[in-house]
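Chains Z and R are the protein sequences, given in the same order.
For the first sequence, my numbering gives the first residue as 747, with consecutive numbering after it.
For the second sequence, my numbering gives the first residue as 17, with consecutive numbering after it.
No lab work stands behind these hints, which were simulated from the structure alone.
Do not rely on the hints blindly, as some may be mistaken.
From chain Z, some residues computed to sit far from chain R (all C-beta separations above 10 Å) [claimed, not checked]: (1) Leu-759; (2) Arg-768; (3) Ser-778; (4) Lys-1028; (5) Ser-1035; (6) Arg-1085; (7) Lys-1206.
Calculated cross-link-like contacts (lysine-lysine; reagent style DSSO-like; alpha-carbon spacing at most 27 Å) [unchecked claim]: (8) Lys-840/Z to Lys-852/Z; (9) Lys-850/Z to Lys-1151/Z; (10) Lys-840/Z to Lys-101/R; (11) Lys-1120/Z to Lys-65/R; (12) Lys-1021/Z to Lys-840/Z; (13) Lys-1131/Z to Lys-56/R; (14) Lys-56/R to Lys-23/R; (15) Lys-101/R to Lys-1074/Z; (16) Lys-1000/Z to Lys-1206/Z; (17) Lys-786/Z to Lys-1126/Z; (18) Lys-65/R to Lys-1074/Z; (19) Lys-1126/Z to Lys-1206/Z; (20) Lys-840/Z to Lys-976/Z; (21) Lys-1222/Z to Lys-997/Z; (22) Lys-1021/Z to Lys-852/Z; (23) Lys-852/Z to Lys-1028/Z; (24) Lys-997/Z to Lys-1206/Z; (25) Lys-1030/Z to Lys-1206/Z; (26) Lys-1030/Z to Lys-1000/Z; (27) Lys-1074/Z to Lys-25/R; (28) Lys-23/R to Lys-34/R; (29) Lys-840/Z to Lys-1000/Z; (30) Lys-56/R to Lys-1120/Z; (31) Lys-107/R to Lys-840/Z; (32) Lys-850/Z to Lys-976/Z; (33) Lys-65/R to Lys-1126/Z; (34) Lys-1222/Z to Lys-765/Z; (35) Lys-1030/Z to Lys-997/Z; (36) Lys-840/Z to Lys-34/R; (37) Lys-997/Z to Lys-1131/Z; (38) Lys-1074/Z to Lys-56/R; (39) Lys-34/R to Lys-1131/Z; (40) Lys-850/Z to Lys-840/Z.
Think of the CB as a built atom: it goes at the ideal place given N, C-alpha and C, for glycine as much as any other residue.
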Amino acid sequence: MENLYSFTACELLDLLDRKSVRPEEIIDSIYSRSQSVDAKIKGYIRLDRDAAIGRASRLPASGRLRGVPVAIKDNICIEGELTTCASRILDGFKPPYDATVIDKLKSEGAVIFGRANMDEFAFGSSCENSAYFPTLNPWDVSRIPGGSSGGSAAVVAADEAIVALGSDTGGSIRQPAALCGVVGMKPTYGRVSRYGLIAFASSLDQIGPLAKDVRDAALMLGVIAGYDPKDSTSVNVPVPDYVSFLDGNIKGAKIGIPTEYFVGGLDSEVDSAIKQAIEVFKGKGARVSEVSLPHTEYAVSVYYILATAEASSNLARFDGVQYGYRCKDPVNVLDMYERTRGEGFGAEAKRRIILGTYVLSSGYYDAYYLKAQKVRRLIKEDFEKVFNAGFDCILTPTSPTPAFKLGERAADPLSMYLSDIFTISVNLAGVPALSLPCGFTGSGLPIGMQLIGGFFEEGKLFRMAHAYESSTDWHKRSPQL
Amino acid sequence: MSIKEDKIKYVARLARLKLTDEEVALFARQLDGILGYVDKLNERLDVAKDAVPMSHPHAASNPFREDEVRGSASSETVLANAPQKKGDFFKVPRIIEE
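Please take these sequences and the hints and turn them into a complete structure.
Following this line, the structure appears as structure tokens:
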């Protein structure tokens, strides 16, 4: 069968079910697609055809993803396979165990396929901070794909992967999904186990799917979600059948539009695409009204205090002792720590370690860290007020601009940090959100819209997103490669 | 050298992170810009005065589990990634000076 790489996971599962195609043929199809386009996109750090074919020939007898290849962000541990967070400091690291999400994918018959590029340790919004190479946007290779899960988004957009896993600490699934024109879901904090996800900011990180459409994202989340005794922050609530929410019925659903998200800095083409999307929802019977998230203006500040504080603490483990890179010929143990870390970490990781250590250091803790924790509470309460008032979701742009040029923001970290302005509050609050395509700019760059839900209301978000997707064809467009 | 560069060097020492002189100068400048933005939080000190600090999205409760004996990785597995090892141990430079 031709062009299997261009199919969705659900379409492939249907073909597999009817024995019209074998898992190995799917692997061959996306592998040869990758061979022909990845030199332009550079979405994969590692791709091993023979290993994937081997896995595809040894699948369990049944499974919800049996035969579907899944690309994996390089910060999710796979037993015995290089996992480096796109960082030099994890050079050569082969985890001794599978992350829980990998375990779940394998037992449902998914075929692990390729490691997707990312900003080092998920620090970034452009994929330019990878220690390997930047990934490029399939819609315009002079532009960035977003980040930090830029590789995951780009390989799905370029039909080099059927679906992918990413991680999202401040927008790292949703922003690249928006910039590459695919669907990306950040689940409720605690919905998916973080066991085996190499930690960036432990109170914010979540693993989630990137997919070509809403149905695939819903299917994927159903597989990876659930309580895990190995992650004490995972929450023991039942996992619904997310695909069953895709019934198209959103008549009477209440959508909130936060006034604070439609201010200066919002690209006019993004603004008008979002306004048109609101009309689509109204046409399907949804009730749309303005809401307020009054503490939005503090979100980026709160985030860059808390996230860097947690990161500086999490990255303390990379000291050259147990795994990864160690500097040459250290004269003593302090020299080993300092040079291993100085040589092993890239610029953005160092910047965040410095900032995080600074805000936690004696004399600054109250002014920065404690204050940020207090404002975090107010940001969470903003969302709770809206959802307690009966809103089913909040609709915003995912990113204030479409994909920017490679190098455009690399020299100015603050401008890079501000590209996450619409996605960060969601992680601080812990609520779920997804991004889905809602249009294109005049020059052909994808635009994404974000739907934010109440705690554990991923099903509602999939219902809303699917209803919109069924009325539009943005998700069916493919980049010319 | 400005006070800010001193502070960067001090924090880098706390974080056990060797920085070049160029990095110290660059980070001092960039941190200044980032903290200037972050100080928005301090402009309206009263905004969060009475809020309870939040460290985690869900109500905190200690997740207990049964204290059962379970298998663990072999030392061979654990040492497989070691940059340097000796016998069943990670090898590091001398920690206690002679």
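Hint check:
no., hint, result
1, Leu-759, "holds (33 Å)"
2, Arg-768, "holds (34 Å)"
3, Ser-778, "holds (33 Å)"
4, Lys-1028, "holds (32 Å)"
5, Ser-1035, "holds (26 Å)"
6, Arg-1085, "violated (5 Å)"
7, Lys-1206, "holds (18 Å)"
8, Lys-840/Z to Lys-852/Z, "holds (18 Å)"
9, Lys-850/Z to Lys-1151/Z, "violated (37 Å)"
10, Lys-840/Z to Lys-101/R, "holds (16 Å)"
11, Lys-1120/Z to Lys-65/R, "holds (8 Å)"
12, Lys-1021/Z to Lys-840/Z, "violated (47 Å)"
13, Lys-1131/Z to Lys-56/R, "holds (24 Å)"
14, Lys-56/R to Lys-23/R, "holds (21 Å)"
15, Lys-101/R to Lys-1074/Z, "holds (15 Å)"
16, Lys-1000/Z to Lys-1206/Z, "holds (11 Å)"
17, Lys-786/Z to Lys-1126/Z, "violated (41 Å)"
18, Lys-65/R to Lys-1074/Z, "violated (50 Å)"
19, Lys-1126/Z to Lys-1206/Z, "holds (19 Å)"
20, Lys-840/Z to Lys-976/Z, "holds (20 Å)"
21, Lys-1222/Z to Lys-997/Z, "holds (25 Å)"
22, Lys-1021/Z to Lys-852/Z, "violated (41 Å)"
23, Lys-852/Z to Lys-1028/Z, "violated (41 Å)"
24, Lys-997/Z to Lys-1206/Z, "holds (13 Å)"
25, Lys-1030/Z to Lys-1206/Z, "holds (15 Å)"
26, Lys-1030/Z to Lys-1000/Z, "holds (12 Å)"
27, Lys-1074/Z to Lys-25/R, "holds (23 Å)"
28, Lys-23/R to Lys-34/R, "holds (14 Å)"
29, Lys-840/Z to Lys-1000/Z, "violated (47 Å)"
30, Lys-56/R to Lys-1120/Z, "holds (14 Å)"
31, Lys-107/R to Lys-840/Z, "holds (19 Å)"
32, Lys-850/Z to Lys-976/Z, "holds (13 Å)"
33, Lys-65/R to Lys-1126/Z, "holds (16 Å)"
34, Lys-1222/Z to Lys-765/Z, "holds (25 Å)"
35, Lys-1030/Z to Lys-997/Z, "holds (6 Å)"
36, Lys-840/Z to Lys-34/R, "holds (26 Å)"
37, Lys-997/Z to Lys-1131/Z, "holds (23 Å)"
38, Lys-1074/Z to Lys-56/R, "violated (43 Å)"
39, Lys-34/R to Lys-1131/Z, "violated (46 Å)"
40, Lys-850/Z to Lys-840/Z, "holds (19 Å)"
When the structure is compared with the earlier hints, violations turn up for hints 6, 9, 12, 17, 18, 22, 23, 29, 38, 39 and for no others.
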